[in-house]
Amino acid sequence: MSFDNLTANWSKLRVKRPQPDMYKDAPYKWAMVIDLDACTGCNACTTACYAENNLPVVGKDRFLAGQAMHWLRIERYWGEGTEHTQEFPEQGAQFLPMMCQQCEAAPCEIVCPVGATHHTPDGLNSQVYNRCIGSRYCSANCPYKVRYFNWYNYPETAWASPLEQQLNPDVTVRSKGVMEKCTFCVQRLTEAKNKARTEGRTVRDGEVVTACAQACPTSAIHFGNLADPTSTVARMWMAQQVELAAHPQSKDEQREKEGPLDENAETLRGYRILEELRTFPSVVYLERIRSSEA
Amino acid sequence: MSNPHDETEIAAEPRFVPKPKDIDSDIAWAEINGDVLRSLERPRPLFWVIFFGSLGLFLWGVYCEIYQYNTGLGVADLENPHVWGLYIATFIFWIGMSHSGTLLSAILHLMHADWRKPIYRFAEAMTTFSLMTAGLFVLVHLGRVWQFYYVVAYPSERWTWPNFSSPLVWDATAIGSYLTTSVIFLYFGMIPDLAICRDKATGIRRLFYRAMSVGWMGTDRQWANFRITYLTIACLLIPLAVSVHSIVATDFAVSQQPGWHTTSFPPYFVAGALYSGCAAIITLFIILRYTFRFEQYMTIPILEKLCKLTFAISMVWTYLNLIEYASVWYGTDSFAKQALIYRATGTYAGWWWAMNILGSIVPFTLTFKAMRTNIPAMMIVSLLLNLGMWIERFMIISPTFAHGYYPWTWIDGWWPNWVQVGIILGSFGWFTMLFMLFCKIFPSVSMYEVKEMVYHRRAPKKHRAAHAQPVGQAQPDPS
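In order, the protein sequences belong to chains A and B.
If you use our numbering, the first sequence corresponds to residues 1 to 294, in order.
If you use our numbering, the second sequence corresponds to residues 1001 to 1479, in order.
Take the hints with a grain of salt, since some may be wrong.
Label-pair restraints from in silico Cβ distances [said to hold, decoys possible]:
#1 A:D4 x B:Y1455: 51 to 57 Å
#2 A:Y129 x B:Y1187: 37 to 43 Å
#3 B:N1225 x A:P121: 54 to 60 Å
#4 A:Y129 x B:S1334: 34 to 40 Å
#5 B:I1380 x A:L64: 37 to 43 Å
#6 A:E164 x B:W1410: 33 to 39 Å
#7 B:A1326 x A:F63: 37 to 43 Å
#8 B:G1176 x A:T47: 43 to 49 Å
#9 B:I1380 x A:P248: 51 to 57 Å
Lysine-lysine pairs mimicking DSSO-like chemistry, simulated, CA-CA at most 30 Å apart [to be verified]:
#10 A:K145 x B:K1337
#11 B:K1440 x B:K1305
#12 A:K251 x B:K1337
#13 B:K1337 x A:K257
#14 A:K251 x A:K145
#15 B:K1451 x B:K1200
#16 B:K1305 x B:K1369
#17 B:K1451 x B:K1305
#18 B:K1440 x B:K1308
Covered by chain A, according to a simulated footprint, are these stretches of chain B (three or more residues, beta-carbon under 8 Å) [said to hold, decoys possible]:
#19 1061 to 1074
#20 1138 to 1149
#21 1399 to 1413
For the record, the hints were derived by calculation from the structure and aren't laboratory data.
Fair warning: this is a prediction, and the values are worked out from it, not measured in the lab.
For glycine and all other residues, C-beta sits at the position ideal for the given N, C-alpha and C.
Let's have the full structure, built from the sequences with the hints guiding it.
Quick look at the structure:
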């Protein structure tokens, strides 16, 4: 590997600007559907994520200082004034599980100076810990703020012996100074893909799920392969008429053009968060229709 | 050398209005040498006060940095979403400071503004040291600083290149080339003066200056080559200076965050850079003038010109600042508009208004001649202007983090803690320490250019003296 070789193969080394549909023909495109109506805010997904991905528990002080490492967080929102008027404010809360949206045109990818975060052919927004230098530009440019930085050297402190025995051996323990985020449990995906490859097939729907989807007691989180039109997730995306690489969505355009909504359009409740930024996220949320008083 | 007849010749010219002179045209060459070389020996005691004060600040900053390095960036109270904090704000501030040195030494050199001659050397040194300080902030800010070289495009066996679409890579390249060029420019312009030092120095200092003056003999051929090379580097430096801060601006303009995603950022940053740089030059001008007894060279008329320049740039900055507000206010991006409203009314409202008042209203004091020529007043005003420009950078960074796109991450009342403040104070100490050391070791007033300036002041008088008779005569009657 000489300098000449490097310059001769320049075009291969160029980092491509992430675009939706960049890997259109790839066999996998991992995606999610989260039904906010089913979410009870029980935090089981968060706990499962901590256990699966070796997330350090930072403690109350650091949590309050905004240094928590929860890749998946349950956000609570209250209606206008509910927080103050209700005796038990949590009763009026509405929940939204938020994790890395695995954007197709991710804002974090183009700004990373060292290419530590980049797009995989599976449609994941991967993070290479060994390459990360901790400039935190990706987090600064993430509209969802779902990237978490290792402010301390957690492997030293977070798991006092013998707690380190419970760490997931398939997942790297991240050291001080690197950025991390939800990976859609990439270790599970890799394992499933390897298994499928040895058997000469593609991964079947439901063969692999993320830890959060597995732990959700109300099945609010659906995970699957969007490239497989028969998968649950792909069918849900289709039912909600959400297109991965489209903005604006044709259903919205249609709604604007044709004015009053037809009966069918009213039942469509799939949306992607901050879609207007054209990040093309891979997570569809289903709007909540249950009123908070019910 | 002094010519007592000059005064009478001037009086002979009827339309001559005596103006305060930039520099006394009667200074002898040897006197210039002596005065400047004395600055390398015995400055006023204030020098040591400033030097040791800044050394103390620097050591405090080093302590904070060691603590942060060993424990992790978390001790600086950075958090999600405030991932950058004051480090990047102060980084921009120092990059900005570096611009006016180039303005004085290169741009005004090309424009033949000769009042810059006594002051451009230290301004150029300011450029170099503030760039070095800015570079330090990049390192302080990185999570894994020991791998900072990943951003540099170097041939690697693993076929890994930096991500060329990232503005941080542009930054690293631009700052690297600007720093290299300005160090060369600073050193190169100093060679004739170092030769003077070499001729006057003894002992180990003589060895040092001999090595530094690279065999300068002052021959015609050397001067001719020197002039051409100096001009060439000056021409090279100007686009670099403009590009470096434009590129720092793209760190923000390229990102999509509300309040940052503005196309007017590059000129806005360059204007802000020149502005804070000019204000810093005024501050250092006053300090150097006193500590090194440069009253004869750094004269009040030069200070006045500097103030006028600062005022002009401050108005450019104000204009671009208002443009930014207007383009956000009348734009379609409701998030950016909200972020602007948040700046003006949210947690940081006091700072935001302080920035606007210090940056756009305080410079109007520079329109009064009594202010421009009043040294204590100018010291205060220049420090206030720089404070305003530092706040400007703070106001670019923090409100956007506090009030981004996603409401869940809106957070009120984030303030930097003692580690961040300590490192920032340490950076000021580091800069001042290096700058003061520079002025003690190298001639901070360009001797050969001051001589040129004095020479050019004399020349017109000689011209007048030769033609004194026709000017004094009455016009012949046309009839």
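Violated hints - listed by number, lowest first:
none
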